[in-house]
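Student: Build the full structure now, drawing on both the sequences and the hints.
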Amino acid sequence: MSKLISLSEAIASFVQDGDTLYAAGFTHLIPFAAGHEIIRQGKKNLTLARATPDLIYDQMVAAGCARKMVFSYIGNPGVGSLRIVRSALENGRLEWEEYSHFGMISRLQAGATGLPFMPMKQTAATDLEKANPRIKRLTDPYGGPDLIAVPALNPDVAVVHVQRADQNGNAHLWGIIGEQKEAAFAAKKVILTAEEIVDETSIRTDPNRTLIPGLVVSAVCHIPKACHPSYAQGYYDRDNQFYLQWDQISQSLENTQSWLDEWVFDTKDHAEYWHKLGRQVHNRLRVKPRQSTPVNYGEY
Amino acid sequence: MSKLISLSEAIASFVQDGDTLYAAGFTHLIPFAAGHEIIRQGKKNLTLARATPDLIYDQMVAAGCARKMVFSYIGNPGVGSLRIVRSALENGRLEWEEYSHFGMISRLQAGATGLPFMPMKQTAATDLEKANPRIKRLTDPYGGPDLIAVPALNPDVAVVHVQRADQNGNAHLWGIIGEQKEAAFAAKKVILTAEEIVDETSIRTDPNRTLIPGLVVSAVCHIPKACHPSYAQGYYDRDNQFYLQWDQISQSLENTQSWLDEWVFDTKDHAEYWHKLGRQVHNRLRVKPRQSTPVNYGEY
Amino acid sequence: MSPLAYSSSELMIVNASRLLRDGDVVFVGVGQPNLACNLAKRTHAPNLVMIYEAGVIGAEPARLPLSIGDPTLISGALAVCSMYDIFSFYLQRGCVDVGFMGGAQIDRFGNINATVIGADYSKPKVRLPGSGGSQEIAAWANRCYIMTPHQKRRFPEKVDFLTSAGYLSGRAEREAAALRGGGVQAVVTDLGIMEPDHSGELVLTALHPQKTVEEARENTGWPLKISDDLKETTPASEQELAILRLELDPDGLYLK
Amino acid sequence: MSPLAYSSSELMIVNASRLLRDGDVVFVGVGQPNLACNLAKRTHAPNLVMIYEAGVIGAEPARLPLSIGDPTLISGALAVCSMYDIFSFYLQRGCVDVGFMGGAQIDRFGNINATVIGADYSKPKVRLPGSGGSQEIAAWANRCYIMTPHQKRRFPEKVDFLTSAGYLSGRAEREAAALRGGGVQAVVTDLGIMEPDHSGELVLTALHPQKTVEEARENTGWPLKISDDLKETTPASEQELAILRLELDPDGLYLK
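Going line by line, the protein sequences match chains L, C, D and X. All residue numbers for the first sequence refer to my numbering, where the first residue is 2 and numbers rise by one. All residue numbers for the second sequence refer to my numbering, where the first residue is 2 and numbers rise by one. All residue numbers for the third sequence refer to my numbering, where the first residue is 3 and numbers rise by one. All residue numbers for the fourth sequence refer to my numbering, where the first residue is 3 and numbers rise by one.
Quick caveat, the hints were computed from the structure, so don't treat them as lab data. Among the hints, erroneous ones may be present.
SDA-like cross-link-like pairs, simulated, lysine to any residue; straight-line CA separation at most 20 Å [stated by the list, open to error]:
hint	chain 1	residue 1	chain 2	residue 2
1	L	K189	D	N144
2	L	K131	L	D157
3	X	K125	L	K189
4	X	K125	L	R135
5	L	K69	L	R135
6	C	K4	C	P225
7	C	K69	D	K125
8	X	K160	X	D99
Computed footprint of chain L on chain X; a stretch qualifies when at least three of its residues, placed anywhere within it, have a C-beta under 8 Å from a C-beta of chain L [what the hints assert, rightly or not]:
hint	stretch
9	64-70
10	157-169
11	179-192
Chain C residues, not near chain D, derived (Cβ > 10 Å throughout) [stated by the list, open to error]:
hint	residue
12	H223
13	L254
14	R280
15	P295
Idealized CB from N, CA, C, for every residue including glycine.
Tutor: Spelled out as structure tokens, the structure:
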């Protein structure tokens, strides 16, 4: 049975106020379209978990969707500070829970593999452990030094963007694969957005490329260019200019609000958002193809 | 610097009597050529670790290379019993250490990721835990039920066969990928055998396919058809007839010895072994191509 | 119309296939369980997803797979992952609905022995293959099924070695162990079907046509209880047998 | 020939690049550390392998990467893996020779703060980005290097928050913690180079040409010790500057 529905339907059906959301994608395949749709639908009191909040969570915090942030690095990647999240943390307007990258990603690994926690070796940098009581010590039953444990993260919803998927949610992705697979398996519900919807036979030509199987996916949405200003390897480039621009916009509450009005609330959906970016931006982000060498699976 | 050397040189340099060896490959890409070369060189007192000993360890035990077996399933896959290993265990001629598949593979995962152990959920089947004191209980610092811990496995040497590698050992593999990556990272030394040695640029066309990076590899050997009677996806078929034949041969010590003499000791190397199999076998194992759909990485 | 002739294996495969539900994710080995799944997929459960411990998801084999690592399981599969991933992301995480189990001994409470025959593990009378994936499948799949010929030596009162947990000493003990999986739901033999009762004990709940309670009792190693509601299984249909014999296993490797 | 003119950034990048050895596996971020690695690779360390926390191994970027996730790092890389894998299989396992670290504060014993300024973590005066990958890099890479301008506020006696371990209260404490990595080996600034002494305290071991001990002392937040064997660094060569300016960062984004 096809799980293909519109993104607005997927967000309406699968994201509830108060949910813990994981919008996956470490610097790549960041699902901005879904983030914007969550803003459009005025979801509230979300706990936003992500190793790097990136602009997607800056925008969602600005729009008032979030109660809490779970993260390991808050910055505007390659640019500097993530102003809105940072100021919300400094002013006590946002709760937070903090880990290292490895801690955050280990939490997802535990959640995805059905374990209550993941062990990590000690780092001797104990201040975060003191600040976050959910980080614990773990005795090594083999007599070695204590380890660190971080608790499983099992988000209510993960949003994962991929390059291609079939209508059941079996998905190929490549380039930086960050924590997409882990987020999909860890979450209770998975909304998959995809650059292309392909036939199942196309997925089956390269099963080793299928990192996310349809059996964990709740909804599949066909959203080309869903990642702007982030990118999809092979499909379009990262819009670094927008990352720089956001550094300016987000300095003022008023400009941020106008940006949200103009680009999110006043656009009907992501197709309209992309169209509104205009031909110049489209051209700037276009990439020339560079194909992988195929592999031979053999006819058995 | 190229790590490309002959297999006999690799085994002579990197496998010592008394080592713990992991010949990787769950039912696929089993490195028979390396196993045979270890027999040829008369290595002794090895601890042979593998989830499924398969014929490769049956032959090595028959040849007197092994002191101990570490495993999770001893069978001739799809055929029945693994006669030589089984009889050595029943007669007390071989020490052993036993886990479930998940336990065995978790041990490699721990070894590969630098952890002293991996946690697993309980299964309530406690007899193996009683029989193997290296399987321990682990307290959940978050207050849940106790977990099971299995100790890291860090073999002295792993032998891993792949479809294609460059001369530095950066390797593409596909089809059943079993525990090849885990074995390579867990081991202190890695001998890589490959169906094809390709240019580094060819590896670089599809970096997501590179499961084993050259930086963990000690030696690279170009050994086409290295897996017979196992197989390499896309290159040749599994020789099921030989698996059936081995069930006959291995019923008699004498027949086993003659087989080893004829096919291992009296063949100079794997090329001669393959040639000796003859055209009929070659033809029977040939497969028609079935290519993956390439992916576009983009020219950035 | 006279009933169709079929072998014991065909009988078990057909009955096992009927226990599968559409949409089930099944952790399956080769041989008879593989045939049962493929039969279900071609009849009442087209959306069944088969996964294999070798790390294969949604295989569509073009020929009958002869081993768990047969390359025909890979070409055209939906997904392939590492062995660590299949056991952790799929099985331990709880993505598996059904597991098929086998073993040399299955006892009164559905416990399984695939490790050693004899009382002393360290000096085995018969060394069996060992757990493989079954220890975890028995614990974590939502439902487990067993297919095995009905023979007294296969059904002892108590297993020599507990490779995989059924209901242990009874359902209460399994419940106390807080395993996510529901345990053995049915044992399909060539005489009939045994299912666990309220206490977790396997009782005879169905007989195949022309089989008798006496045969079942004689071939079971404990005093076999008979369900008050003993049923007779529906004979294999012409369609089921045709799919098995013509499509799935034309050489009859697993149908004898 | 009169010495070549260069910026503070160029000076730091050139000196950092010289600390790298051929064959090193370097865990690296974008910006100046990326330039230092690429410079080393094009001069004395052609077999240097760069890995990035985004899961990229052996990148060969065709343009200057502007973020840690720049797609140019992927196309043509040797390998790409998941984030869990890069931190566990590579870093925690011990495959990383060198880590480059940064932070708002680096203290007398090479400890790093990238989390909060102010005494109260829960009410931060300034909220910094946080650890990212640095907590583990500082602990597990064989050698760590830091590049930072020499300013008093960046070099306090003690960090406000211990994001990443240097030598803690001294080398003995780090040794007791049994971390696999050797800790900070050098801090390259625009005035010179500080290295840990026997106790783990950062002392001035080299000055760049025309820089003075006084400048270094004035811009350090603790009483800076000067090595008995204080050296002067070799000026950036024409070749090094040409590679940086013409090949690696033609727009001068990180060279100012």
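Student: Run the distance test for X/K160 versus X/D99: straight-line Cα separation, threshold 20 Å.
Tutor: violated, 27 Å
Student: Assess, step by step, whether the Cα of C/K69 is no farther than 20 Å from the Cα of D/K125, and give holds or violated.
Tutor: Holds, at about 15 Å.
Student: Hint check: L/K131 vs L/D157, CA-CA at most 20 Å. Holds or violated?
Tutor: violated, 27 Å
Student: If we take the beta carbon of C/R280, is the closest beta carbon in chain D still more than 10 Å away?
Tutor: Check passes; 21 Å lies beyond 10 Å.
Student: For the stretch 64-70 of chain X, does the count of residues with a C-beta closer than 8 Å to a C-beta of chain L reach 3?
Tutor: holds (count 3)
Student: Straight-line Cα separation of C/K4 and C/P225 no greater than 20 Å?
Tutor: holds, 17 Å
Student: Quick check: the stretch 157-169 of chain X, covered by chain L? Criterion 3+ residues, Cβ under 8 Å.
Tutor: It holds, with 5 qualifying residues against the three required.
Student: Sort out whether L/R135 lies within 20 Å of L/K69, counting only the CA atoms.
Tutor: With Cα atoms ~15 Å apart, L/K69 and L/R135 stay inside 20 Å; holds.
Student: Next pair to validate is L/K189 with D/N144; report whether the Cα-Cα distance is within 20 Å.
Tutor: holds, 17 Å
Student: Hinted pair, alpha-carbon criterion (20 Å max): X/K125, L/K189. Please report holds or violated.
Tutor: Between X/K125 and L/K189 the Cα gap is close to 33 Å, so the pair fails against 20 Å, i.e. violated.
Student: Find the nearest Cβ of chain D to the Cβ of C/L254 and say whether that gap is larger than 10 Å.
Tutor: Nearest chain D Cβ is 18 Å from C/L254, so the label holds.
Student: Minimum C-beta separation from C/P295 to chain D exceeding 10 Å: can you confirm that?
Tutor: Since the minimum Cβ distance to chain D is about 17 Å, C/P295 lies beyond 10 Å and the statement holds.
Checked against the numbered hints above, the structure breaks hints 2, 3, 8 and satisfies the rest.
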